[in-house]
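Starting from the known structure of chain A, fit chain B onto it as the hints suggest.
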Amino acid sequence: MAELTLTRPARLRPLQAGLALALFGTVLFALVLARQPALEGPDATALEQLLLWHSLLPRAATALLAGAALGLSGALLQRVLRNPIADPSTLGIAAGAQLALTLAIAFAPALLAFSREGTAFAGGILAVALVLAMSWRRGFEPVTVVVAGMTLSLMAGAMSAALILARGDYVFSLFIWGAGALHQQNWQPALLIGTRLALGAGAALLLLRPLELMMLDDAAARSLGMAVQGMRLAIIALAVWLAASVVSQVGVIGFVGLAAPAFARLGGARRPGAVLLAAPLIGALMLWITDSLVQLTASGGGDLIPTGAAVGLLGGPLLLWLLPRLPASAPQPLRATGHARRLRRPGRALALLAAGATLIAILALLAGRDLEGWALTTGPLLAELAVFRIPRIVAAAAAGGLLGAAGAIMQRLTGNPLAGPEVLGVSAGAGVGLALALTLSPAPSAALLLAASAGGALGALALVLLMAAWTGFAAERLLLCGIALGCTGFALLSAVFAAGGPGSFRLLAWMSGSTDRVGANEAWMLAAAALVLLLPVAVLGRWLEILPLGAGVSAALGVPVGASQLALTLLAALMTGVAAFFVGPLSLVGLIGPHLARLTGFASGRSFVFASALIGAGVLLLADWLARMLAFPYQLPTGLLAALVGGPYLIWLLQRGGGRHG
Amino acid sequence: MRSGPGLSRRALLAAPLALAAPGARAESAALRVATVDWALLETLLGMGITPVAAAELVLFRQVAVEPPVPPSVIDIGLRGAPNFEALRLARPDLIFSSNYYAEMEPTLRLIAPVETLSIYRTGDPPFARAEAAAARIGALTGREEAAGALIARVNAQIDAERGDLARHAGRPVLVLNLGDSRHFRVFGADSLFGEVLVRLGLANAWGDRTSYAASAPIGLEALARFPEAFLVILRPVPPDAARVLSTSALWNALPNVRDHRLAVLDSVDPFGGLPTAARFARLLSAALRAEGDAARQGGSLG
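Chains as they are written, first to last, in full-length UniProt numbering: chain A, 1 to 662; chain B, 1 to 302.
Looking at chain A on its own, in the form it has when it is part of the complex:
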């Protein structure tokens, strides 16, 4: 992906703006100190002193240091991956750390007593090591690194959610951690992050020259005598180390690493040195100001929303506001598919795929377990159990098909292999709608939840389309816009989790992706929606072949560029939104479907989308059946199983270097 080069608005004076922000932060913090409630009792004065020194001051220090570390980490990652939307979470650090914590809680609580921080750190590092191992063969090509990171994040996230659901103990602590609460009761986190930040900044200083060379392409950098791979590895390791230290101390604070470098560039920082200096400062102020606002809005009953979630809430709109200021760049042309073969008779291959999916559906209908063991269900028992099995089968097939197709459309449209359907922010919107209904209604019915989820998805969709239309459908802007929206949405969700209560378990079930609540009505509605949404692909398929060639070529070939992009985005977003309610936000299916379809050789736009849909349906059908069978009578989340069925295969493809993406 191209580097975002930001034009510098003449009226913005970075230094003054920075000082103004710092002053604002100081005023807010003074307000926080002034508004501390007076304590009662004989120990009041001593306690107030203690609170100041052991709670308020370390909290501010932690916010500043964590923000700076994340800003530096994001700046390093964006530079080295040449990807403006790279940040610690794109690499799977947060998800890896969360999985490690969850695993430790479930299976080795003693490990946590030994070192909670160390456990999270190990998970983050392991995730990144896996991501790098996967992309080794492709020379850490930035795009591959990000795809691998995404894949790993999704798998780790689904596994964490499933574990939390299956084990009630200590979930409260995980929710807090997931929302990034900054309360402190000693200086230890601040000191830990501070020392790592100091070491990291020193190392970054030493790496400054290699970082500047990285602006050149690999060949040019190599000709200047740089060991490109080794240097890239070192810089990534440094960035990960910084991010993992923050994640392990205070939890998930996703947005700062993404936003701080972007703001730095917006403020006019061009050279790596300037960005590396500005991004940590901006990150520190961002998190500090947010945390002060969180404290000022807190009631006696605690913060309204944890800081990590709040910064996501504030950060999303900021990024949206930034969008129109980014210069447009043409969509990346599709990479040549190299040795990949082209199917001579895609129609026949499609029929084969359809037959395969049908076979899996039949297996799912007939084979199962009862209270005694495995059994092939037939006769009157089948008639009895079919009312439970058929809706799930229909829902899994339809949702898998929709996600596969949406992923295929998005990847063709944006030319970015990272563009799984959730990049549109629509799934997160559906989740927010769901969360609202769960919070506000004492006894939410299936119909209410469905309506709320659809409302949330449509709201997010309207926002994305509005922003996309405003910015002229540049692929990068669409992605950034969707990510900003998704970021905000998931931040809200993590705040709901942190509040706890039974609603959060329902949300968690949604996050982990389960089809088990689907009744007959919903299943047939979903199937009808799938048909309605998939049929237009037959007509619009041509656009998918022409649009990736660029706006100029497309217009010359008579394709209405803006309108066709709008139509395709709308279609993909609707597909995602509909599927999201039933199988959660997990879109590994939306990544796997298109990758496998491309590998099989479906090249034309139309057959590519349909093949992705069929593969997606097959994967989700298989996953859903396994989810019902493996731990009977306990049901595993379908989303998790989809990740476990398809994920390793995707990883294998990537590692083999055979998976070309476009």
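Hints in this document: simulated from the structure, not taken from any laboratory. Note that CB positions come from ideal geometry on N, CA and C, so glycine has one too. Watch out, some of these pointers could steer you wrong.
Unchecked claim - Here chain A is said to cover these stretches of chain B; the calculated rule only asks that three of the stretch's residues, wherever they fall, bring their Cβ under 8 Å from a Cβ of chain A: (1) 67-78; (2) 88-100; (3) 104-113; (4) 165-176; (5) 179-185; (6) 250-259.
Coordinates of chain B only, in the frame set by chain A:
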């Protein structure tokens, strides 16, 4: 009551034995009941009714602990994702559900008539609703006397504990969960524990500011506002929280911690029914009466 117009006569009639003429009251053993809700499960067990199937028993035995679940009860999986096929194979005549599971009610109705009894609704005191749920279960299963006995037993026990705690009357108590070494969650006036506190003659130090289900995690420093309160910490305490807090300057300087005015109680289901209320009252009363002993133990969180 909570079922509103919902429990339809139809459902009652469909549960074949439930409403026979008073003289010909059915044997409760003949009515096969199942439940997806934990509060209703413990209420059933507390009334001596063994359901044929219930949800998430592995965790129930750890979190709710009492009453013990007989091995004959079929585990139908997670409460959030019960296995409908397994529930179908258990062949219940009547399924008890609550507002948390409203979404899956249409599917449950494919298996057997469903009775929805909701104990926890925002702003409604749960204790009375827990009693009403027991009474309703009694009416539907023909075990009114068992329901009456459970209600009487729990109330009598709480009254007796109240007598034992006479010298603590009006004492402020803060019931909380530790999330990690920096956060806790508190049980407000409209939680079951909040209500039991009042029934025990104690005072909820938190006041009526917030309900359990709606409160975000609270920073540990907020405890400094309640120097007078007796702290009741519900297990599980995360291992690292116990470790870090024992060395924390702030924690150890809190007047309640310094003076050992705290107790760690065994796990109690925060969304339980009458048996949970009795369990909480018993554990809390024992902890308060043993306050001196706790001081000798040094208020360990382990």
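To see whether the hints hold, each was checked on the structure:
1. Judged by the Cβ-Cβ criterion of 8 Å, the stretch 67-78 of chain B is covered by chain A as claimed, because 5 of its residues qualify and three suffice.
2. Here the stretch 88-100 of chain B counts 5 residues with a CB under 8 Å from a CB of chain A, which clears the bar of 3, and the coverage holds.
3. A count of 5 residues in the stretch 104-113 of chain B with a Cβ less than 8 Å from any Cβ of chain A is obtained; the coverage claim is therefore met, three being the minimum.
4. With 0 residues having a beta carbon nearer than 8 Å to a beta carbon of chain A, the stretch 165-176 of chain B misses the requirement of three or more and the stated coverage is violated.
5. For the stretch 179-185 of chain B, the assignment as covered by chain A holds, since 6 residues bring a beta-carbon within under 8 Å of that chain's beta-carbons and 3 suffice.
6. Requiring three or more residues with a Cβ within less than 8 Å of a Cβ of chain A, the coverage given for the stretch 250-259 of chain B holds, as 5 such residues are present.
The structure does not agree with numbered hint 4 stated previously, though it agrees with all others.
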